[in-house]
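K.L.:
Protein sequence lines correspond, in order, to chains A and B.
In terms of my numbering, the first sequence has 22 at position 19, counting the first letter as 1, and numbering is strictly consecutive.
In terms of my numbering, the second sequence has 205 at position 204, counting the first letter as 1, and numbering is strictly consecutive.
These are calculated hints, taken from the structure and not from any lab test.
Here are some chain B residues pointing at chain A (derived, C-beta under 10 Å):
(1) Ser-21
(2) Gln-23
(3) Leu-332
(4) Ser-343
All values reported here derive from a predicted model rather than from experimental measurement.
Using N, Cα and C, we set each Cβ at its ideal position, and we do this for glycine too.
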Amino acid sequence: MIRFAGDSGDGMQLTGDRFTSETAVFGNDLATLPDFPAEIRAPAGSLPGVSGFQVHFADHDILTPGDQPNVLVAMNPAALKVNLGDLAKGGTVIVNTDAFSDRNLQKAGYATSPLDDGSLSDFHVHAVSLSSMTIEALKEVDGITSREAERSKNFFALGLMSWLYNRPIEGTLGFIETKFGKRPEIAEANTRAFKAGWNYGETSEDFAVSYEIAPAKLEPGRYRQISGNSALTYGLIAASKLSGLPLFLGAYPITPASDVLEQLANMKHFGVRTFQAEDEIAASGAALGAAFGGSLGVTTSAGPGIVLKSETVGLAVTLELPLIVVDVQRAGPSTGMPTKPEQADLLMVMFGRNSESPVPVVAASTPAGCFDAAIEAARIAIKYRTPVFLLSDAYLANGSEPWLIPDVSALPDISTEFATSPKDGDVFLPYKRDAETLARPWAIPGTPGLEHRIGGLEKEDKTGNISYDPENHDLMVRLRAAKVAGIAADIPELEVDDPDGANTLVLGWGSTYGAIGAAARRVRASGRKVATAHLHYLNPFPRNTGEVVRSYEKVLMPEINLGQLKMLIRAEFLVDAVGYNKVRGRPFRAAELADAITALVDS
Amino acid sequence: MSEGGNGNGLVQLTAKDFKSDQEVRWCPGCGDYAILNVLQGFMPELGLTRERIVFVSGIGCAARLPYYMQTYGMHSIHGRAPAIATGLAVSRPDLSVWVVTGDGDALSIGGNHLIHSLRRNVNLKILLFNNKIYGLTKGQYSPTSELGKVTKSTPMGSLDYPFNPLSIAIGAEASFVARAIDTDKKGLTEVLGAAARHRGSAFVEILQNCNIYNDGAFDFVREEKGNRIYLESGAPIRFGAEGEKGVVQDVDGSARVVDLGEGGEDGLLVHDAGQREPSLAFALSRITFETDGAVPLGVFRSVERPVYDDLMSEQLETARERSGEGDLETLLHSGDTWTVES
Ligand SMILES: Cc1ncc(C[n+]2csc(CCOP(=O)(O)OP(=O)(O)O)c2C)c(N)n1
Ligand code: SF4
Ligand SMILES: [Mg+2]
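Next comes chain B alone, as it looks inside the complex (with noise of 0.2 Å):
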């Protein structure tokens, strides 16, 4: 490897740069794996040295990554990384700040942090690990767990409608947002890239499967590539091993997979993931295997909006001109004063 950069904060860096000396602790076979990997090998293409990266997370199997990572990082309490992750990127714009999250600390205990991180539009990129089960604490259920998920706390299956983490950061006002697969390493790396060059916050949900507690959750669209609709900018929406399947969207504003007739491309959606208002990002993240048999992978959304930690930097150097740096001695003497002589 390289050190210390070139003055720029460019650096030719490797995947095993960012690779710490810890024992990597998942099950064998776990989607997360794959990821820690493809973030590894991923970490290079942002160009900056490892010092200026902190992976921030919260608690479940997902959470370990930050251990793993040759970057500065912090294991926190379940659920709180946003709200941790936010006091730091707002405090130090300089820095490059990710937080890696499971379905269960994003949006069950951390739901609220989740939401508001995403509307605030912090410079954040949140990489959420949805296996669709609480890993850690061996397998109840999650808020991502279909209706009548049969497991550990829910013998006689699940009386809670699932959550779809696209359309709640969508519902959020995030400014991105995007989706990929653990073990779809080009898909996964590209999604990385974009979120990484967004600025404001970037929501990425992560397929992720768990084989220990909710093997083939996802196996209709990690198995089956057909099943993946890979959103393009620009594009009509089209999948399916031969091309042979799109996407149209109705009057009412919904979307739906539909067979490609004589008419080929004509009449099919197409993406435009930088459209101010969300309801086309909205349409697609209703698309699900359930509903459609497909699941839609690639940026959803992504716009530019004012961030939080700019706009807070701004209104101190606004002070700043306004009132010159602040003063304390001037501070304490300020309002009515009087003198008492001795």
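Just chain A, same shape as in the assembly (with noise of 0.2 Å):
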């Protein structure tokens, strides 16, 4: 496992990127975890300047990004000081010895210099001058400065450890060629870095071994590397296609959701239509208008902006329209970490509307499912005519992994119908429901003789005409309640992982699903017993949900949060589960999630 560090300005962000397809195109199992400044322009060499990229790859499957790196490049003081901590004892660091000058080191907070004063014993240290040898390798580049020479240091680290790993290169020299075409130069100079750092691997005899990791076990077809935020931009494109649909997002930006908004931007050759609002609550209104006309809505956000597009929602339960409101949580409250993962925006699109105001919630639980949790999504919230929110985070969005290409034949139809022409005499009811989903009719403007108000005052059954009629106003809160509760029957049950017959479950949800999983590896490796199970519907649960945590003895809920999911499954099923919940903005470690885990079978 390996971590990139650097300054913001070092490009390490490209150079884990690229090692990471060199990774996946070689065949290893792989998962990502880029950490980078909220601040875009912190001051160079500073320690909240520090940008990080982490990735563990292996030859079996892999479910985290990692715990502890083994091997951490830090290219300046201040990568060193923010990362060492995490390094595992014994581990490699290879530092850029020429940014470890005392105005450096003075910035990082460093009274004396770690390469000199025996502070790195625990570790392997390869002191390496990447940006001299860089220098020296581009002296015969044309046109180009000392200081843009000095710039291609992350191609030479580059090369060096993709020699180190043995990693196929063919992909990095490609990736320069096109990134860097209109500037031949750059693209010689970074090119020549990279070749440099691989050959300097290969002829430094501080380099004795590289590493062979052989390629991992994984199911046969054709793979590709994909982000959290990717999937979901690919998973609402194919949402569209599979509906027949056209697509309409509006979004305002906002950390870490802004991708989806721009990739967006860049399929209008799917019909997408992407509307950059004024803020999230003219996002969500022309998501909703657009729906009201017959578009797939979708509305994208991190908690700042869900919280102002509450009332469109609320809208959109009475009105019953289909609306995607897409939450990508980072951590809060308020502005909070921007760039940070957190799990706790789940009681807010549970609850955070006016009056009993049901609306469905689905929840991706790795980069690649952010796909599938789109288009499942996208099928509740048509398929009922219902605002759904659909959940990632942080660390899904920016995280990635390899993903088996689906086969987009085998995609499901989500296709829905619109009302047509009432037959004679028949008077249009806007509000007559599908006896089996309760869906009322989605009849858009445009059709003849289906023209009908709706809004946000309450309606009678049926006509949709405005009503103050209490037993109405009572019917129809139990209507919309039951429809979304009857989702629970057109989605999987709750699947469980229990090899052993335990007496223990892990019940987890979104992106904890990786470090649950590998925990409970180690804890079934030391011998105990343990089960899990994975909540990719919160609203409504699986219908075998409350089955399966009252047949456990003991259900542990870790969470990136004060223990949300946990309060719902208490109060919905009476067990008297037990959190494990740690909100850092980070990622759990599975390490400290078999320790808990071990703990209460133990107990």
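Mind assembling these two chains? They're in different frames, but the hints should get you there.
P.N.:
What follows is the structure, given as structure tokens:
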């Protein structure tokens, strides 16, 4: 497991990304965790300016980006300082000695150089003058300044790591060509730096061995690397195709959801309309307006923006129109830590609206899983004419993993029919429900004979006319609730992984999936029994959820919040579930979860 | 009525065809009735079948209007109608989308959406029923209420300096700006027609009497016709019972009312709604009863500007020309891929 760390200007995300691609192409299973500063232009060399990218790869299937890196590439003292604490004892540190000037040491808060004062004695340190070797290697490249030459040092580092781990390099060379094609001298510089790094690894005695990590055994098929936000984007495009409805996205930029807006803005050839609104209220309103007109209306945001959408979501609940509301969760409250993940918006999306306002909630568990979650959110929204929350988080959004590309022809048909003109003499009843789904007709403007008015005021059953009748209101409140509750019959049951017949269940949701799986493996390897289950639907719960949680003596619920799902499960099923809760803006480490599970199993 | 159209969307409908079966529930005597009647009477002029027309409103007395129109309609949430209508109009360029809003709805809670829809020039017709009060919530002051206004929420007088709705619209880059009076059937019908013909956002302020909470707020122009300045493009701006008054423009660009002297129309400002530069329309919007004892009516500004919906549709077409119709299979396989053999 490798972590690349440097100044935000050092190109660490790019380096990590390329290394990931090489690794994926090589056939290792992998998971990644980018970690970038919230401040885009934090002062160079400072601690807040450190940007990192972690790649975990192996010859077996991988569930998380890993707890502790074994190799740290530190481009400056600040990067070393911020990341050293995470490095496994005995791990390898590769430092760019050229960046260890007195000034940089001081900025990172080092009184003496850690390279000289013995503080790194627990690690294998490779001191490499990355900057000067890069500049030296690029001497003969015409048309670049020495500053530009120095900037290629990330490619030098990438070349070195690629050698060290025997990664195929053709992909990166091709990438440099296309990415920097407009400036051939830069392309040339990066290529040379990359090769120089590779050659340095081969010739320097400092790196005696290069590591062979065999390809992992993955299910056969065609793979690609995908991040959560890209998978989500693709899932929305797929949902549009599969439903036959044009996609309309209303969004206002916010970390970590902006990618989806930006990526969809690039998909206009799919008939996608993206609307960057003046705020999140308008973004959700426009999506709902488009849904009224027969589009697949989507609005994407993160916590602070989702809050602003609440009133619109309530309107969608009562209008009974499809609307997909994506919440890429980040640490809060308020602005919180915008680039860091958290699972603490669950109760907000469940209950953060006035009155009885039930909304289905679907949660993605892995980066690639965002694709299926998006299609599923769309399926439910369209079929049941309801807003649906789709939960992701900063960890899934930016993390990536190899993805077995699905067969398009095997994806579900989620098409629907709009209402057509009533038969002669019939009056159109906009709130007459389908007996099975309780969904109302979707009658879009432009359909002759179905002119009707809908609104936020309470509606009379069937006719949809304004009504203040007490019994009618009670009926409508119950109908809306029954419609959402009924979706339980239309989603898969909760699957339990319990190979040994355990009496302890670990129940999770969202991005803790990988960490819980990895932790359970460790616990089982220690000879203990533990069962795991993961909820992909949080409202309604899968129909067997009560049965599952009641059938275990002990239930542990790890969440990156203070126990939100736990509260729901306890309230709904009266089980004495306990939580494991850490809210650090970081994913769980498999090791800490394994400890928590072990403690509960042994208790 | 004759239903169904004749294939080109043109039909002969009457006002009656636009009345829904819902009982109209405004206070007796409310100016909203007059507006509703004029609107229903005007609708056939659109030459569209009813299913192609949509009324979207926010919340307020004014916002009830969609329920009374036999078209598609949405009574949404307070202040957000321009945003919701934007999504609808942009995704369905085949529809004629109208927004009905109040002074509180449009200028207080929804001020942001109003200005942004105007600057984008979305193809929306926005009708702001200005009664200078919050009607539905029973009489608190609004963003157009005059300074010092005593209402239930301002027993010692309002401290808020009021907005001038037309000045705001012009400042927000509106391409069409007009004003009419609820009971002035002819003037209102003309303005609605001009708004409907305008491609892009059309902003129409309608002075509306709330006879319960702010009765008589516009009597100076509703009742006293001599104070109405009807604007007509190409003509010198002249008004009054005997046409004895006019509007001149000063060197600083501002406009004011003058008594016509010896010179007659000489030196009077000649109206031109089509002037690109918005200063003329802005100067006219500053003439109020408070400043000049008279109120300009009609079309202040009407200029052509690319329409947001059209621009978006064009981008979709361009993208398809460049990349071909999007193919899911190709998309999923884009970037580096590799095969794992069995
Ligand atoms: C979010 C929200 N806040 C407050 C209200 C209460 N409210 C309804 S209408 C209104 C003001 C309406 O005034 P205006 O827009 O001038 O319309 P009018 O009733 O005068 O036609 C208010 C404050 C509401 N419905 N929703
Ligand atoms: S309160 Fe005023 S605006 Fe509202 S319906 Fe009554 S008269 Fe009309
Ligand atoms: Mg009002």
